[in-house]
Amino acid sequence: MSERWLKGIGVSAGMAVGPAVVVRWALPEVPHRVVPRSQVEKEVRRLRAAVRDVKRHVQELQAKAEDRAGVDEARIFDFQILMLEDKEFLSSVEDLIRENHLTAEKAFEFKALEVRDTWTATGSPQLKDRLTDFAGVAIRVIEHLMHRGADEVWEGITQPSVVVAKEVGPGLTVQLDREHVVGLISEEGTRTSHAAILAHSLGIPAVFGVAGAMERIEPGTMLVMDGTRGTVLLHPTRRSWTSPPSLWTECASCCAATWTCLTS
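Position in the sequence shown (first residue = 1) + 2 = this note's numbering.
For the record, the hints were derived by calculation from the structure and aren't laboratory data. Do not rely on the hints blindly, as some may be mistaken.
Unchecked claim - In silico PhoX-like links for lysine-lysine, alpha-carbon gap of 20 angstroms or less:
hint	residue 1	residue 2
1	K89	K57
2	K168	K130
3	K113	K57
4	K89	K44
5	K9	K168
6	K130	K113
7	K44	K130
Said to hold, decoys possible - Quick list of simulated restraints, FRET-style, between CB atoms:
hint	residue 1	residue 2	range
8	K89	R180	36 to 44 angstroms
9	I83	T120	19 to 27 angstroms
10	T230	R54	23 to 31 angstroms
11	R6	I83	26 to 34 angstroms
12	R47	R231	20 to 28 angstroms
13	D97	R6	46 to 54 angstroms
14	H103	G205	47 to 55 angstroms
15	T160	R218	21 to 29 angstroms
16	R50	R231	55 to 63 angstroms
We put the CB at the ideal spot given by N, CA and C, even for glycine.
Whenever a hint applies, use it, and build me the whole structure from the sequences.
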(Lines of atoms letter the chains of each structure in order from A and count residues from 1; the text may use other names and numbers.)
(Lines give C-alpha, C1' and ligand atoms only; values in the text may rest on other atoms or scores of the structure.)
Protein backbone atom coordinates (compact mmCIF):
# COMPACT_ATOMS: atom_id res chain seq x y z
CA MET A 1 0.00 0.00 0.00
CA SER A 2 1.27 3.52 -0.87
CA GLU A 3 2.79 5.71 1.82
CA ARG A 4 -0.23 7.95 1.42
CA TRP A 5 -2.60 5.14 2.40
CA LEU A 6 -3.19 3.90 5.95
CA LYS A 7 -5.11 0.75 6.82
CA GLY A 8 -7.16 -0.02 9.88
CA ILE A 9 -10.49 -1.58 10.85
CA GLY A 10 -13.66 -0.10 9.47
CA VAL A 11 -15.91 0.16 12.55
CA SER A 12 -18.57 2.58 11.27
CA ALA A 13 -19.48 2.68 7.59
CA GLY A 14 -19.40 5.77 5.43
CA MET A 15 -17.06 8.09 3.57
CA ALA A 16 -15.63 11.32 4.95
CA VAL A 17 -13.38 14.07 3.62
CA GLY A 18 -11.80 16.81 5.69
CA PRO A 19 -8.69 18.25 7.32
CA ALA A 20 -7.25 16.35 10.25
CA VAL A 21 -7.71 17.61 13.79
CA VAL A 22 -5.18 15.70 15.91
CA VAL A 23 -6.41 15.21 19.47
CA ARG A 24 -4.00 14.13 22.21
CA TRP A 25 -6.41 12.77 24.79
CA ALA A 26 -4.26 11.21 27.50
CA LEU A 27 -3.59 11.23 31.22
CA PRO A 28 -2.00 14.59 32.05
CA GLU A 29 1.42 14.88 33.65
CA VAL A 30 0.80 15.25 37.38
CA PRO A 31 3.60 16.86 39.40
CA HIS A 32 4.75 14.94 42.46
CA ARG A 33 3.81 16.98 45.49
CA VAL A 34 3.25 16.12 49.14
CA VAL A 35 1.04 18.06 51.51
CA PRO A 36 1.38 18.73 55.25
CA ARG A 37 -0.31 16.25 57.56
CA SER A 38 -2.86 18.92 58.43
CA GLN A 39 -3.97 19.06 54.77
CA VAL A 40 -4.38 15.33 54.20
CA GLU A 41 -8.12 15.15 54.95
CA LYS A 42 -8.69 18.17 52.75
CA GLU A 43 -7.14 16.19 49.86
CA VAL A 44 -9.46 13.28 50.61
CA ARG A 45 -12.44 15.65 50.47
CA ARG A 46 -11.15 17.10 47.19
CA LEU A 47 -10.98 13.58 45.76
CA ARG A 48 -14.52 12.72 46.82
CA ALA A 49 -15.89 15.99 45.42
CA ALA A 50 -14.13 15.44 42.08
CA VAL A 51 -15.49 11.91 41.79
CA ARG A 52 -19.03 13.16 42.52
CA ASP A 53 -18.73 15.91 39.90
CA VAL A 54 -17.34 13.58 37.24
CA LYS A 55 -20.04 11.00 37.98
CA ARG A 56 -22.68 13.70 37.48
CA HIS A 57 -21.01 14.67 34.20
CA VAL A 58 -20.94 11.04 32.98
CA GLN A 59 -24.64 10.72 33.83
CA GLU A 60 -25.27 13.81 31.67
CA LEU A 61 -23.31 12.16 28.85
CA GLN A 62 -25.43 9.05 29.30
CA ALA A 63 -28.61 11.10 28.94
CA LYS A 64 -27.19 12.71 25.81
CA ALA A 65 -26.31 9.28 24.41
CA GLU A 66 -29.84 8.04 25.05
CA ASP A 67 -31.25 11.08 23.24
CA ARG A 68 -28.88 10.84 20.27
CA ALA A 69 -28.29 7.10 19.90
CA GLY A 70 -30.83 5.15 21.97
CA VAL A 71 -31.35 3.39 25.29
CA ASP A 72 -29.10 0.42 24.55
CA GLU A 73 -26.19 2.62 23.51
CA ALA A 74 -26.64 4.79 26.61
CA ARG A 75 -26.00 1.72 28.77
CA ILE A 76 -22.40 1.90 27.59
CA PHE A 77 -21.89 4.55 30.26
CA ASP A 78 -23.02 2.20 33.05
CA PHE A 79 -19.46 0.82 33.10
CA GLN A 80 -17.94 4.27 33.68
CA ILE A 81 -20.44 5.04 36.44
CA LEU A 82 -19.62 1.73 38.14
CA MET A 83 -15.94 2.61 38.06
CA LEU A 84 -16.70 5.89 39.80
CA GLU A 85 -18.61 3.94 42.45
CA ASP A 86 -15.87 1.33 42.99
CA LYS A 87 -15.35 1.56 46.75
CA GLU A 88 -12.27 -0.68 46.75
CA PHE A 89 -10.47 1.45 44.15
CA LEU A 90 -11.46 4.77 45.73
CA SER A 91 -10.47 3.54 49.20
CA SER A 92 -7.05 2.58 47.86
CA VAL A 93 -6.61 6.13 46.53
CA GLU A 94 -7.63 7.60 49.89
CA ASP A 95 -5.23 5.27 51.70
CA LEU A 96 -2.41 6.45 49.44
CA ILE A 97 -3.23 10.07 50.25
CA ARG A 98 -3.23 9.40 53.98
CA GLU A 99 -0.15 7.17 54.08
CA ASN A 100 2.07 9.19 51.73
CA HIS A 101 0.59 12.70 52.08
CA LEU A 102 0.13 12.90 48.30
CA THR A 103 -2.17 15.33 46.56
CA ALA A 104 -5.47 13.83 45.44
CA GLU A 105 -4.53 14.04 41.75
CA LYS A 106 -1.16 12.34 42.27
CA ALA A 107 -2.66 9.51 44.30
CA PHE A 108 -5.43 8.99 41.76
CA GLU A 109 -2.89 8.98 38.90
CA PHE A 110 -0.75 6.39 40.69
CA LYS A 111 -3.67 4.01 41.23
CA ALA A 112 -5.03 4.59 37.71
CA LEU A 113 -1.67 3.66 36.19
CA GLU A 114 -1.58 0.60 38.43
CA VAL A 115 -4.96 -0.53 37.06
CA ARG A 116 -3.86 0.21 33.49
CA ASP A 117 -0.72 -1.91 33.84
CA THR A 118 -2.62 -4.78 35.48
CA TRP A 119 -5.32 -4.88 32.79
CA THR A 120 -2.79 -4.52 29.98
CA ALA A 121 -0.75 -7.43 31.32
CA THR A 122 -3.72 -9.79 30.97
CA GLY A 123 -3.63 -9.48 27.18
CA SER A 124 -7.44 -9.64 27.13
CA PRO A 125 -8.95 -7.82 24.10
CA GLN A 126 -12.13 -7.16 26.10
CA LEU A 127 -10.20 -5.57 28.96
CA LYS A 128 -8.20 -3.55 26.45
CA ASP A 129 -11.44 -2.06 25.11
CA ARG A 130 -12.69 -1.36 28.63
CA LEU A 131 -9.33 0.24 29.46
CA THR A 132 -10.24 3.07 27.10
CA ASP A 133 -13.40 3.66 29.15
CA PHE A 134 -11.38 3.61 32.36
CA ALA A 135 -8.82 6.03 30.92
CA GLY A 136 -11.59 8.44 29.97
CA VAL A 137 -12.86 8.49 33.56
CA ALA A 138 -9.35 8.83 35.01
CA ILE A 139 -8.53 11.74 32.71
CA ARG A 140 -11.71 13.56 33.71
CA VAL A 141 -11.09 13.10 37.44
CA ILE A 142 -7.47 14.22 37.24
CA GLU A 143 -8.28 17.16 34.95
CA HIS A 144 -11.01 18.22 37.39
CA LEU A 145 -8.60 18.03 40.34
CA MET A 146 -6.03 20.07 38.38
CA HIS A 147 -8.72 22.65 37.43
CA ARG A 148 -8.47 21.95 33.73
CA GLY A 149 -11.25 21.52 31.20
CA ALA A 150 -11.18 17.98 29.78
CA ASP A 151 -13.53 18.93 26.93
CA GLU A 152 -11.28 21.69 25.60
CA VAL A 153 -10.05 19.23 22.95
CA TRP A 154 -13.06 20.14 20.80
CA GLU A 155 -12.54 23.88 20.98
CA GLY A 156 -11.33 25.41 17.76
CA ILE A 157 -12.98 22.90 15.39
CA THR A 158 -14.84 25.33 13.16
CA GLN A 159 -15.10 23.41 9.87
CA PRO A 160 -15.98 19.83 8.87
CA SER A 161 -12.96 17.86 10.08
CA VAL A 162 -11.71 14.33 10.71
CA VAL A 163 -10.61 13.75 14.31
CA VAL A 164 -7.42 11.70 14.70
CA ALA A 165 -6.49 10.31 18.13
CA LYS A 166 -4.49 7.64 19.90
CA GLU A 167 -7.71 6.32 21.34
CA VAL A 168 -11.28 7.58 21.51
CA GLY A 169 -13.61 6.90 24.41
CA PRO A 170 -17.41 6.97 24.44
CA GLY A 171 -17.45 10.15 26.51
CA LEU A 172 -15.75 12.04 23.69
CA THR A 173 -17.67 10.32 20.90
CA VAL A 174 -21.13 11.21 22.19
CA GLN A 175 -20.18 14.91 22.35
CA LEU A 176 -19.16 15.11 18.70
CA ASP A 177 -20.85 17.82 16.70
CA ARG A 178 -21.76 16.18 13.38
CA GLU A 179 -21.57 19.53 11.62
CA HIS A 180 -17.90 19.87 12.50
CA VAL A 181 -16.69 16.28 12.99
CA VAL A 182 -17.32 14.19 9.87
CA GLY A 183 -15.10 11.20 10.71
CA LEU A 184 -13.01 9.47 13.38
CA ILE A 185 -9.59 7.83 13.09
CA SER A 186 -7.98 6.10 16.06
CA GLU A 187 -4.79 4.10 16.55
CA GLU A 188 -6.54 1.94 19.16
CA GLY A 189 -9.94 0.32 19.30
CA THR A 190 -11.92 -2.53 17.74
CA ARG A 191 -15.41 -3.06 16.37
CA THR A 192 -16.62 -3.96 19.87
CA SER A 193 -15.17 -0.89 21.62
CA HIS A 194 -17.79 1.42 23.09
CA ALA A 195 -16.62 4.37 21.00
CA ALA A 196 -17.06 2.29 17.82
CA ILE A 197 -20.58 1.26 18.83
CA LEU A 198 -21.52 4.89 19.50
CA ALA A 199 -19.92 6.15 16.28
CA HIS A 200 -21.97 3.60 14.33
CA SER A 201 -25.19 4.60 16.12
CA LEU A 202 -24.50 8.30 15.51
CA GLY A 203 -23.70 7.70 11.84
CA ILE A 204 -20.11 8.95 12.07
CA PRO A 205 -17.69 7.13 9.72
CA ALA A 206 -14.85 5.66 11.76
CA VAL A 207 -11.65 3.71 11.20
CA PHE A 208 -9.91 2.29 14.29
CA GLY A 209 -6.72 0.31 14.75
CA VAL A 210 -4.77 2.57 12.38
CA ALA A 211 -1.15 1.94 13.38
CA GLY A 212 1.05 5.03 13.27
CA ALA A 213 -1.82 7.45 12.64
CA MET A 214 -0.61 10.01 15.20
CA GLU A 215 2.89 9.99 13.73
CA ARG A 216 1.89 9.98 10.05
CA ILE A 217 -0.99 12.48 10.10
CA GLU A 218 -0.09 16.10 10.74
CA PRO A 219 -2.75 18.60 11.89
CA GLY A 220 -4.53 20.06 8.88
CA THR A 221 -3.65 17.17 6.53
CA MET A 222 -6.50 16.63 4.06
CA LEU A 223 -7.92 13.11 4.41
CA VAL A 224 -10.33 10.81 2.64
CA MET A 225 -11.47 7.98 4.89
CA ASP A 226 -13.63 4.94 4.21
CA GLY A 227 -15.30 3.53 7.31
CA THR A 228 -16.43 0.42 5.43
CA ARG A 229 -13.07 -0.67 4.01
CA GLY A 230 -11.00 0.71 6.88
CA THR A 231 -8.77 2.89 4.68
CA VAL A 232 -7.42 6.42 5.02
CA LEU A 233 -5.87 8.42 2.18
CA LEU A 234 -3.59 11.39 2.94
CA HIS A 235 -3.34 14.40 0.61
CA PRO A 236 -5.90 13.07 -1.90
CA THR A 237 -6.25 14.25 -5.51
CA ARG A 238 -8.28 12.83 -8.40
CA ARG A 239 -5.11 11.70 -10.13
CA SER A 240 -3.66 9.93 -7.08
CA TRP A 241 -6.80 8.13 -5.92
CA THR A 242 -7.05 4.75 -7.60
CA SER A 243 -10.25 3.57 -5.92
CA PRO A 244 -13.26 2.72 -8.13
CA PRO A 245 -14.93 5.77 -9.73
CA SER A 246 -18.17 4.96 -7.94
CA LEU A 247 -16.45 5.52 -4.59
CA TRP A 248 -15.00 8.81 -5.77
CA THR A 249 -18.45 9.97 -6.87
CA GLU A 250 -20.00 8.83 -3.58
CA CYS A 251 -17.39 10.68 -1.56
CA ALA A 252 -17.72 13.81 -3.68
CA SER A 253 -21.48 13.94 -3.22
CA CYS A 254 -21.50 13.31 0.54
CA CYS A 255 -18.60 15.63 1.34
CA ALA A 256 -19.27 18.55 -0.98
CA ALA A 257 -18.45 21.10 1.70
CA THR A 258 -14.78 20.15 1.69
CA TRP A 259 -14.56 18.82 -1.86
CA THR A 260 -13.01 21.79 -3.67
CA CYS A 261 -9.51 20.96 -2.46
CA LEU A 262 -9.61 17.52 -4.09
CA THR A 263 -10.28 18.61 -7.67
CA SER A 264 -6.67 19.37 -8.53
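Comparing the hints with the structure gives:
Taking the CA atoms of K89 and K57, the gap is near 14 angstroms; set against the 20 angstroms cutoff, the hint holds. About 13 angstroms separates the Cα atoms of K168 and K130, which keeps this hinted pair within 20 angstroms; it holds. Proposed proximity of K113 and K57 is supported: the alpha carbons are some 18 angstroms apart, at most 20 angstroms. Only pairs whose Cα atoms come within 20 angstroms are accepted, and K89 paired with K44 is accepted, the gap being roughly 19 angstroms.
At most 20 angstroms may separate the alpha-carbon atoms for a hinted pair to count; K9 and K168 meet this at roughly 15 angstroms. About 17 angstroms separates the Cα atoms of K130 and K113, which keeps this hinted pair within 20 angstroms; it holds. For a cut-off of 20 angstroms, the pair hint linking K44 to K130 is broken: about 34 angstroms separates their Cα positions. The hinted range of 36 to 44 angstroms is satisfied by K89 and R180, whose Cβ atoms lie roughly 38 angstroms apart.
In this structure the hint that I83 and T120 lie 19 to 27 angstroms apart at CB holds, the actual value being about 21 angstroms. At about 42 angstroms, the beta-carbon gap between T230 and R54 misses the expected band of 23 to 31 angstroms. As the Cβ distance of R6 to I83 is approximately 42 angstroms, the hint placing it in 26 to 34 angstroms is violated. Remark: the range hint 20 to 28 angstroms for R47 to R231 is contradicted by a beta-carbon distance near 52 angstroms.
The hinted window of 46 to 54 angstroms between D97 and R6 holds, with their beta carbons roughly 52 angstroms apart. In this structure the hint that H103 and G205 lie 47 to 55 angstroms apart at CB holds, the actual value being about 50 angstroms. Distance hint for T160 and R218: a CB-CB separation of about 24 angstroms, consistent with the stated range 21 to 29 angstroms. Take R50 and R231: their Cβ atoms lie about 47 angstroms apart, and the range 55 to 63 angstroms is violated.
Hint compliance for this structure: hints 7, 10, 11, 12 and 16 are broken, all remaining hints hold.
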